[in-house]
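Participant: Required output: the full structure, derived from the provided sequences and hints.
Residue numbers (the numbering used here), protein chains in the order written: chain Y, 1 to 349; chain D, 1001 to 1349.
It is worth saying that the hints were derived from the structure and are not from the lab.
A virtual CB, placed ideally from N, CA and C, is assigned to each residue, including glycine.
Treat the hints with caution; some may be incorrect.
Heads up, simulated BS3-like pairs for lysine-lysine below, C-alpha to C-alpha not over 30 Å straight-line [what the hints assert, rightly or not]: (1) Y:Lys337 to D:Lys1194; (2) D:Lys1334 to Y:Lys59; (3) D:Lys1140 to Y:Lys59; (4) Y:Lys337 to Y:Lys140; (5) D:Lys1194 to Y:Lys334; (6) D:Lys1059 to D:Lys1334; (7) D:Lys1059 to Y:Lys59; (8) D:Lys1334 to Y:Lys337.
A few chain Y positions that, by computed beta-carbon distances, are all more than 10 Å from chain D [claimed, not checked]: (9) Glu17; (10) Leu19; (11) Lys31; (12) Gln73; (13) Glu82; (14) Asn90; (15) Val123; (16) Ala197; (17) Asp228; (18) Asn230; (19) Ser258; (20) His279.
2 protein chains.
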Amino acid sequence: MNSVQFTINRIQPVNAELLQQAQARLDNKTKPPGSLGRLEEFARRLVAISGICDPDLSKKVIFTFAADHGVVQEGVSLYPSEVTRQMVLNFLAGGAGVNVLARHAGAEVRVVDVGVDYDFEGVAGLIHRKVARGTRNFVKGPAMTREEMLAALRVGIELADQCRAEGVGLVGTGEMGIGNTTPSSAIIAAISGKTVAEVTHRGTGIGDDALLNKIRVIQQGLEVNRPDGNDPLDVLAKVGGPEIAAIAGLVLGCAANSLPVVIDGFISTAGALIASELHPHVRDYIFAAHRSVEIGHQYMLERIGAEPILDLGLRLGEGTGAALAMTLIEAGVKILKEMATFEQAGVTH
Amino acid sequence: MNSVQFTINRIQPVNAELLQQAQARLDNKTKPPGSLGRLEEFARRLVAISGICDPDLSKKVIFTFAADHGVVQEGVSLYPSEVTRQMVLNFLAGGAGVNVLARHAGAEVRVVDVGVDYDFEGVAGLIHRKVARGTRNFVKGPAMTREEMLAALRVGIELADQCRAEGVGLVGTGEMGIGNTTPSSAIIAAISGKTVAEVTHRGTGIGDDALLNKIRVIQQGLEVNRPDGNDPLDVLAKVGGPEIAAIAGLVLGCAANSLPVVIDGFISTAGALIASELHPHVRDYIFAAHRSVEIGHQYMLERIGAEPILDLGLRLGEGTGAALAMTLIEAGVKILKEMATFEQAGVTH
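Facilitator: Written as C-alpha cells, this is what we have:
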C-alpha cells in the first residue's frame, strides 16, 4: 500500500490561475468569446493540468490493459475467454479498432498483459506485467486478493510515472477482457448503492435472458463478498479485475504526475471511479472520452463529475473512444497555440 | 433556373445495396457487431454515397463562403460589417479557427467571396464569385433579387462540380457574414411555421434587449416580404443571403455528384435546409457536423432528418464544426478499410 499511498499524497489541485490565463488568451483570439465551446475548455484544462502555457501533445499514448475474468464461467459474456488473448495478439499486429483509431489520432498503443489467462512468454511488443492468470469467479469468493489488486494498481502507477519521464503529453486508457462489463457493473453498484439492474447492460450484445442471468450473477457476487462501498480498494479487489485496477492506478499516477488522462468507456470509467474515490482532486485530471451505450456509465460519470466529449453509440472499449476524444482535445490545444489574435489579424473587436 | 433544375434532376437515391454490403464487411471485423456505433454509420454511408467500396478521403475541402447583410443596420449583431472582410483576410492568412481545425483534419479551406461589401480585386488565394455587395436590409424589401439568389446558388453548384472533377472525397461547408444568424432564423421560421422567438438566439453573443430587437426585426422582415414557405427559393431570395444560397447550391451539387457533404452549424444548416426542401434525396448526402448553441438549429436538423455528430457547445461557424466532424467521419472509413477481420486475426466469433 505504501507506494499507492505515496502516489495519492502527491496529487495536487490543478493551477486555477493558469486556467484563467489560458481563457484570457483564448478570449483574445479572432472569434466571439466562448464560441468554440468545449474546445476552449479542453485547451484551458490542458494548460492548468500540465502547468505549461503551450502544452506539447506530440507524444500521446493509449494503454490497453488485458485480463481475464473467472466470472465468465457463469455465462455473462457472448464470447469465450480465449478471445482476450486472441485480441491481445491482434493489438500487437495493429489490426484492432484501437490500433486504427490511435493511428488516426497520432497516438501510440501500448498493450499490457496485467492478468490474461495465457502464457505470453517471449511475445514481443507486449508489456509483461501479469499479476494473476485471470480473476477468480466472484460468485464463489473475492475476484482478487488484496495483494494482486495492489500489484495491478502499481502497474498503472508505474506506467504513468514512465509517461511523465518520457514527456508524454496526453495519456489514454483502454482495456480488453472478456466478461469485464460484469465487474464494472458490480463496482458501480457497490459504490453508488444503485441496484444491480440499474447499472447492468448487454456488454458485447447479450440477449434478454443472458442479461437477467448477468444481473443475478452480479447480485450474488455482491452478496457473497460484501465489498465495503466506502473502501474503493476493497470493492476493486473483491469484484473488480486486474485491468480495472491497472486503469485506476494509471489515472492516479497521471493525477500525481500532472498528466491529463482520457478515460475510454464503461470499464475504463470503473477504474477512474475507483481512483477518484481515493482522492477528490483526481477528477481534475480526467477527460471522459464518450458516453457509452452501457446504462451504468452515466452514473459513474455523474459521480466523477465528468461530461463525456463524444456520444457516438460506442461500446467496444480497447481505448477506441479515448483515441477519438484525443483528436478533439488536441484540436482545442491547437486553437490556443495557432489561432491569430485580434491584433495580429487586424480584426475589430 | 435551368442549370439549377438540371442539377436537381441529377440527384439519385444512394445505393442501398452498397450500404448493406459495407455493413456486412464491418460485421466481419474483430469487434462485436455494431459496437463502433456511428463510426459504422459514417463508413457505410460513405460507401453508399460515393458508390466506392473503399472511399478515398485523402482530398477533403471546406468552403467558407463570405457575404454581408444589410439587416446589420438594424442592430442585430454585436460586430460591425467590416469584420466580414477582415475575417476573409484572416482566413487567407491561415489564422482563423477554421484554418487551425482544417489543418488538424487534413482538409483544405477554400474561401469564396460571394457577396462581401468590399472590393477584394487582386487579393490572391480568394475565390472571387461576388454576386452582390451584400444584401439589402430585409425589413425594407427583399434581401436579394431572384437573379442574385440564383447566381449565388450556381456558385455553390459549380464548386461541387469542380470537387467531383478533382477527386475530392469529402466536402464541408462554412461561412462568414456578420449578421447572418438573422437570415438563418428567418429562413427556418418561414419554412417550418415556428414562431420567430422559437428559432432566434444570440448569434455572436448579443444581450437580452438586442435579442428582443433581433426577433422584432425578423418578424418585420417576414411581414414585409411575405416569403412563400412552400417555395424554398422564394424564402432564400427574400430573407436569405448569398453565402446561404451558395451553401444550398454546394449541398445540391454534392448530392448531384454523389459527394458526401458535412454541414457546419446554424447558418450552413439553413443552406442545407433549402437544398433538402428542393429534393427529398438531398438529405442522404448530408452529415450534420454538430448541434449548435443556436436554438433554431434543432428544428432545422429535425426537418432535414440529420442527427448531429458532435455536441461541443460550438457557435463560431466558418466551417469549424465541419472540420472536427470530418476527423470522425474519416475515422469511420479507416475502420472499414484498415481493421482486421476475424479470419485475418484468428479471433473466435
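Participant: Hints first: check each against the structure and report whether it holds.
Facilitator: Now for the hints, and whether the structure bears them out:
1. Y:Lys337 to D:Lys1194: violated, 41 Å
2. D:Lys1334 to Y:Lys59: Status holds; Cα separation ~21 Å.
3. D:Lys1140 to Y:Lys59: Not satisfied, since the Cα-Cα distance of roughly 57 Å exceeds 30 Å.
4. Y:Lys337 to Y:Lys140: violated, 54 Å
5. D:Lys1194 to Y:Lys334: violated, 39 Å
6. D:Lys1059 to D:Lys1334: Measuring from Cα to Cα gives roughly 14 Å; hence the hint holds.
7. D:Lys1059 to Y:Lys59: holds, 26 Å
8. D:Lys1334 to Y:Lys337: This hinted pair holds, its Cα atoms lying about 28 Å apart.
9. Glu17: With a cut-off of 10 Å, Glu17 of chain Y remains clear of chain D, as the shortest Cβ separation is near 24 Å.
10. Leu19: holds, 17 Å
11. Lys31: Check fails; 5 Å does not lie beyond 10 Å.
12. Gln73: holds, 17 Å
13. Glu82: violated, 6 Å
14. Asn90: Since the minimum Cβ distance to chain D is about 4 Å, Asn90 of chain Y lies within 10 Å and the statement is violated.
15. Val123: holds, 14 Å
16. Ala197: Ala197 of chain Y is indeed farther than 10 Å from all Cβ atoms of chain D, at 22 Å.
17. Asp228: holds, 34 Å
18. Asn230: holds, 34 Å
19. Ser258: Ser258 of chain Y is indeed farther than 10 Å from all Cβ atoms of chain D, at 24 Å.
20. His279: The claim stands: His279 of chain Y keeps its Cβ more than 10 Å from every Cβ of chain D (closest is about 28 Å).
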